[in-house]
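Q: Residue numbers (full-length UniProt numbering), protein chains in the order written: chain A, 1 to 417; chain G, 1 to 977; chain B, 1 to 85; chain X, 1 to 184.
Keep in mind the hints are simulated off the structure, nothing from the lab. Remember, predicted model here, so these are calculated numbers, not experimental data. One or more of the hints may lead you astray.
With beta-carbon atoms standing in for the labels, derived distance ranges [to be verified]:
1. A/GLU205 / G/SER469: 42 to 52 Å
2. B/ASN32 / A/ASP124: 39 to 49 Å
3. A/ASP124 / G/PRO775: 43 to 53 Å
4. G/LYS391 / A/GLU205: 28 to 38 Å
5. G/ARG954 / A/ASP270: 25 to 35 Å
6. G/LYS461 / X/ARG126: 52 to 62 Å
7. G/GLN153 / A/GLU396: 53 to 63 Å
8. A/ASP124 / G/GLY760: 52 to 62 Å
9. G/SER12 / X/SER65: 53 to 63 Å
10. X/ALA85 / G/THR671: 55 to 65 Å
11. A/ASP270 / B/ASN32: 45 to 55 Å
Think of the CB as a built atom: it goes at the ideal place given N, C-alpha and C, for glycine as much as any other residue.
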Amino acid sequence: MRFSGLRVLKEGLTGNRGWGPHWRDPAPKPAYDIVIIGGGGHGLATAFYLAKEHGLTNVAVLEKGYLGGGNVGRNTTIVRANYFLPGNSEFYSHSLKLWEGLENELNYNVMHSQRGVINLFHSDGQRDAAARRGNAMINQGDDAELLDREGVRRLLPYLDYDQARFPIYGALHHKRGGTARHDAVAWGFARGASARGVDLIQNCEVTGIDTSGGRVTGVQTSRGAIKARKVAIVTAGRSGQVAQMAGLRLPIESHILQAFVTEGLKPVIDNVVTFGMGHFYISQSDKGGLVFGGDLDFYPSYAQRGNLPTAEHVMEAGMTLMPMIGKARVLRSWGGIMDMTPDGSPIIDRTHIEGLYLDCGWCYGGFKAVPGSGFALAHLLATDRPHDSAAGFRLERFRDGQGLMDEEGTGAQHNTH
Amino acid sequence: MRLSKGGRIDRSRAVSFTFDGRALSGHPGDTLASALLASGQKVVGRSFKYHRPRGVFSAGSEEPNALVTLGAGARREPNVRATMQELFDGLEAQSQNCWPSLDWDLLEVNDLFADFLGAGFYYKTFMWPRKAWEWLYEPAIRRAAGLGALSGQPDPEPNEKAFAHCDLLVIGGGPAGLMVALQAGRAGADVILCDEDHEPGGRLLSEVEEIAGAPAMEWVAATLAELEAMDNVRIMIRTTVTGVYDQGTFGALERVGRHMKHRPGPLPLDCFWRIAAKASVLAAGALERPVAFQDNDRPGVMLAGAMRSYLNRYAVAPGDAVTVFGNNDDAHRTARDLLAAGVHVAGLVDSRPGAATDLDLPFYAGAQVTRASGRMGLEAVSIRTPSGEVKLQSDALAVSGGWNPSLHLTCHLNGRPEWSETLAAFLPRPGVVPGMQVAGAATGIFTTAGCLASGAEAAGKALETLGLSVPPLDLPQAGEQGYGVQPLWAVAGNGRAWLDLANDVTVKDVRQAASENFRSVEHMKRYTTQGMAPDQGKISNLGAMAVLADATGRDVAATGITTYRPPYVPVPIAALGAGGKGKGFAPERLTTSHAQSLAMSAPMIEAGLWYRPSYFPRTGEKHWRQSCDREVAHVREAVGVADVSTLGKIDLQGRDAARFLDLVYTNTFSTLKEGRARYGVMLREDGHVMDDGTTARIGPEHFVMTTTTAAAGEVMGHLEFVSQVLVPGWDVRLISVTEQWAQFAVAGPQSRALLEELLGRDLSDAALSFMGTMPIEIGGVEGRLFRISFSGELAYEIAVPARYGESLFTRLVGMAEARGGGAYGMEALNVLRIEKGFLTHAELHGRTTAFDLGLERWMSPSKSFICKAAASRPGLLAEDRERLIGLRPVGASKMIPPGAFLFNEGDEAVRENAQGYVTSSCYSPTLGETIALGFLKSGPERIGEHLRLVDHLREAVTICEVCETCFLDPEGERTRG
Amino acid sequence: MRMTCPLCGARDLREFTFRGAALARPEGDDWNEAWHDYLHLRDNPAGESREYWAHAAGCGAVLLVTRDTRTHEIFAVEQARGAGA
Amino acid sequence: MAEPMLKAQNALPQGEALVLGDTRIDVLPMPRMTSLMPGPGHAALAKALRKHHGLDLPDPGGRVSSDEGECLWFGLGQYMLIGPAPSPLLAGAATLTEQSDAWTSVLLEGPLARQVLARLTPLDLRDASLPLGATARSEIAHMMGSLTRVGSEAFRLMVFRSMAQTLLHELKDTLEAVAARQAL
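Chain A on its own, in the form it takes in the complex (with noise of 0.2 Å):
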């Protein structure tokens, strides 16, 4: 069924009564040409666009949960592309581009909002490194704009201009990023996929990836085995766990990423504001909620929640910067489940076993990151041949120490990100 603002008032007349499922709840079939693991909003939007791009729909997504029940359903929902080293420059550009056509695409919406982020930096060394940034995001053919203390006081009056610990210089204003509904986005691209013909299976946990001569034949699940000639683990947080059914031990730590959301508030909070000094970044949800978070709690974790000193770091980190939000009540917290690679980027890549593919590493940007990554791991599994825009996502960069994309310069090694 196609939806549109007509369709929601035939309905709303006839007491609503003609919405079927979103998508379908199929049986898992014995065998498919490609098991997706991993329900989330890289493996959904991976089934859809093998569909929608390749014509390849004898495809099975497994998820142990529901659909969408990972990061892509517990994130900050910021959508922005202002990366600065190669590899990852022209991926999230792609990927920006793909989110601007996302609803139509979809016939979903995603409500994906184009606000506006804005890093804010406290010194003429920050400034220095914001303007590599924009020059390189205009390099890309994105957009960047670098503006001065009063450039920022414009857009951000509520800051707090004469007593913030670190005080406000300018900001990188990158006005094509913004935010989405993070389930929308998983919900969309699971209804694209399922229509499609691609089979959606949840409550179905994999539970060993069956490989002969150094092949992959299948996978194990709770739901029974499944043949599969290839297997795409898109498990982000569960990478490592995954991967070690299949005999690979991977460059990643899972660590916990906390977020935030207050109650409902009028409008306030126009943009997405980050700060970097205090690592704090807000924006404020559609519904008025203000959704901010921080940096990781910095230790392992499985738990999908963290501790009070970082929550409280964030809050403090809130009240310096912008004092306005104090009144505001923190509703609910959480903590995400983060794939850590040593330098901070993600791998979408083969393995050494023939057939099995590997979408993982996301770190804490994996959310923005849906319909690119999506895209880029379907041109693989269909072609064998990395997508353009990700190439620079290799598995082996690690050992041969080529094209590591270490943004944050903290060091390519792991706990430094």
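Fit chains G, B and X to the supplied structure of chain A, relying on the hints for placement.
A: Below, chains G, B and X alone, put in the same frame as chain A:
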């Protein structure tokens, strides 16, 4: 309406307050909600989505409707629960989410269009035209959504955070919690009792109950008196435990100054507590749940237990004719208490077919309320009885669908509750929070007697784990009234029946979500937004799950429940972030020359946590460049003085100190002679440069290392890790001496003469050659002199104990000025180092290798050192890596802004063509031109090439010549003097 | 989270800094699989994990901590010096 | 020789900083402080310290004092000799590092002292875990510090010299807030 007697309010005093500007009055002991009800204010707010009129629904922090805005100006506070706000004289409250007024709200039209605004409608529309989302649809949605509004001004009020430690944390001060505290206190345990209310007692405050043959509150008073007399027991009222964290850490929000008008200036509004407890008992009681039926959100409909609170605790009659509707015996108490208070009860409706009552009132067993009528306030309720439809004229309706144990905190560490068929509720699973017992109604025990017994039992278990002996127990007699709930979630019928009042989620919405295949609880929650409102679904969760279960043909147990996460009640950012405002966010580090620099009106800039002078303006200088150029000239032509104390200084001693340095530095230090210093490069194990600096040998087994200001902490941590983990057997002892020494650079042709005068000794090369160090004495003060240079001039760094720093700085500056020089700041320091091609973290930005920086000669081939293996990876040694070079403009444009990119002449300025980028640049007054450092693919092989520099952001296009990184005196003759 | 430092006793998480998985540093200066393994590859266990933590805001000791990454339960804390990875 | 020319300057004005009721904040004078790091094996240092300064080597978290001075446990493998100039004869048993200027010491004393500290440090300040004479390295208002209980209601706080202003500022604000609470 206020009853003529009863209640825990002080009738002897009146408290005046305003609601939407109307002057009203109540009594001490009232909450804002009870005072509003007493004043006959039925409508207190508008609903989130449909803007329907709403009244007070509960009597606690779970309130979904009665959210108001308090105060005005910067102190204005949105979304305050009227049910939790203690009344005080002069309180000003405004209703929310309505315009132009509470009674006439334009957006109530949403209610007419409800059929088009059902669950998830917005995912299906607003997609055309594409660009319209940002400028048309989204702004409209945002304006309509949200509840209260922030003031937009900085929060002016003080808040605080604190830590507390105890043996046993008791959460909840009802009968169970008090019993726990009493037993544990008597056993000598260190107890903290937190209660959300402003007086302990829990449900006993609201019930007509007896303990030990006397009114229950007498037992509460006696118990509190005994507890308050124990110095091992601490009672924290107005304190809600909001979260459970690892190893017995709890978060709790104390409302310190919210119940008074005139708060003494420094008194915090809230205090956020971090409580560490060896053991804990959760005695948080239970929350009543409603039943869904058509228009069950009308003002005047409230929870049956809440109605008892208003009746018994606040002496407020909810109406003139009240109907009571429930599916359990507990609801009957409401009818009983209403009658006792002389309130007319229109009827008692019990959905249980076999139900009976001995109360003298119209009783309807096996009946259900099908509809509430009355838009701005309840007028009548329709009932479906076995014998047909009945309509009762009522202006208030008490609803009870049963009680849900408040088990939220037991789920914060990922514990899942278990379903109880008999209680039709989820119960806490034992042991899901290490060290936590659960007692009383929180475990599904709903009698006072049972709560007291369960409290005593939980106390016993907790005391055992604490290794304390359990004191003798005398359990007082108490009520054992029945409960006998028979599940009823939603009454069948047409029209909209509300599950989530706060977010306007109806039974229809949940059923529709299920029909659209949002069948898992998480999908339903996210699709309908049920449970995401300020009340966090406290009242609505289970009902919604039950309706979903019904719609999907599962039972509630199989359907499950969404995860409870902290905080249990919403916590102001100002409380969790207390202390962060303004400069409080991070400590400020001041050098010993700080005051003097300010006196010389130097602008101070942040360097990490430090403050350093940017430049020292002199009269007549209008622009920083003028000062900077002068200061550079001082150093190049006379002598300059700069405070370099912020650089990290680490003292290394021990038998293996030299060997240790050989390990952490890429170059060799064991060969360094006593009294000499050497430049060193330190890499991370991953093969990239972490830091650089000079290290001096001041004794056979004694070295002093300097680090950059930025990396001081990281380097110290790294060295500690290496010594304790990688070479634990080596004898090397590390200590930071950064703070012990004030250190000043004295640089320039006249630096030697200046210091010879200061020290009264010969400093010729014979006495102290380049890269030499020696102990010195200044008027009895022992210090140290290093002949090192970050400016390329003849230069020294002189160190004295920090207490003499200010004095020495002042003196050095004076002597420098007398020689035509003076103090110089960060700007000049940066120019001086760029002229020499020296590095800072603009170049050591974490992605560069020694090879990139032209430091490969510092990588000793003859020894092992940290990172040696990783640094030898092919990718880190590729010729075409971006490597350090110098740049100078050769065309018309002289602009070389840092952050600009380099392209071959004629190439388009796009990523694919980028050859490199600029890291540092400055105008060199010495050379009279702009110079820069940057990185360029195969840089060193391209000296002399012309490149096109492009800075899109600042619209600079400059033709540059690639040159050596050292622009001045490459042979270093000036340095050697 | 609270951790019991062998020198200082039970302390709040905020005093400690995670320093990485407890792995033995390879010998030799030549880049090889052992180094790749040490620097990059991880078991990343969902369960018992041996880690280094520094009591950075306390006594400065680097600690060898055995911890469950699913529950954050801490099984053992000892001084890294002398413990050996 | 050059005339005596350098003036000593404490990071904070010495003496009374704030008094509210019976609780007071005083900036202490800068005593002689020497870090003693014995390296592997502490026996030699214990012996030398007793011999030359009449002080026993404290256990972790401990402090030993005499009329002559005090020795403070200061972290892993480190002790702080406070008061006397270190006997050169200690040198064989430990490395000595001058620290007199590195730290600023403030005394917080009075009935509200513990409540003030409860707002600045995560330490358990109850008698059982911080008895009289106990010392701890911990966080004080986001700063690395040293805290020693020098009296039943008296605590000596030490932070790096450069952060002295921040410490004093935090202490004053907190004492005022706690006092305001007390007055309720």
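Q: Next, verify each hint and record whether it holds.
A: Hints and how they fare:
| no. | hint | result |
| --- | --- | --- |
| 1 | A/GLU205 / G/SER469: 42 to 52 Å | 48 Å, holds |
| 2 | B/ASN32 / A/ASP124: 39 to 49 Å | 42 Å, holds |
| 3 | A/ASP124 / G/PRO775: 43 to 53 Å | 37 Å, violated |
| 4 | G/LYS391 / A/GLU205: 28 to 38 Å | 54 Å, violated |
| 5 | G/ARG954 / A/ASP270: 25 to 35 Å | 26 Å, holds |
| 6 | G/LYS461 / X/ARG126: 52 to 62 Å | 23 Å, violated |
| 7 | G/GLN153 / A/GLU396: 53 to 63 Å | 54 Å, holds |
| 8 | A/ASP124 / G/GLY760: 52 to 62 Å | 40 Å, violated |
| 9 | G/SER12 / X/SER65: 53 to 63 Å | 58 Å, holds |
| 10 | X/ALA85 / G/THR671: 55 to 65 Å | 34 Å, violated |
| 11 | A/ASP270 / B/ASN32: 45 to 55 Å | 53 Å, holds |
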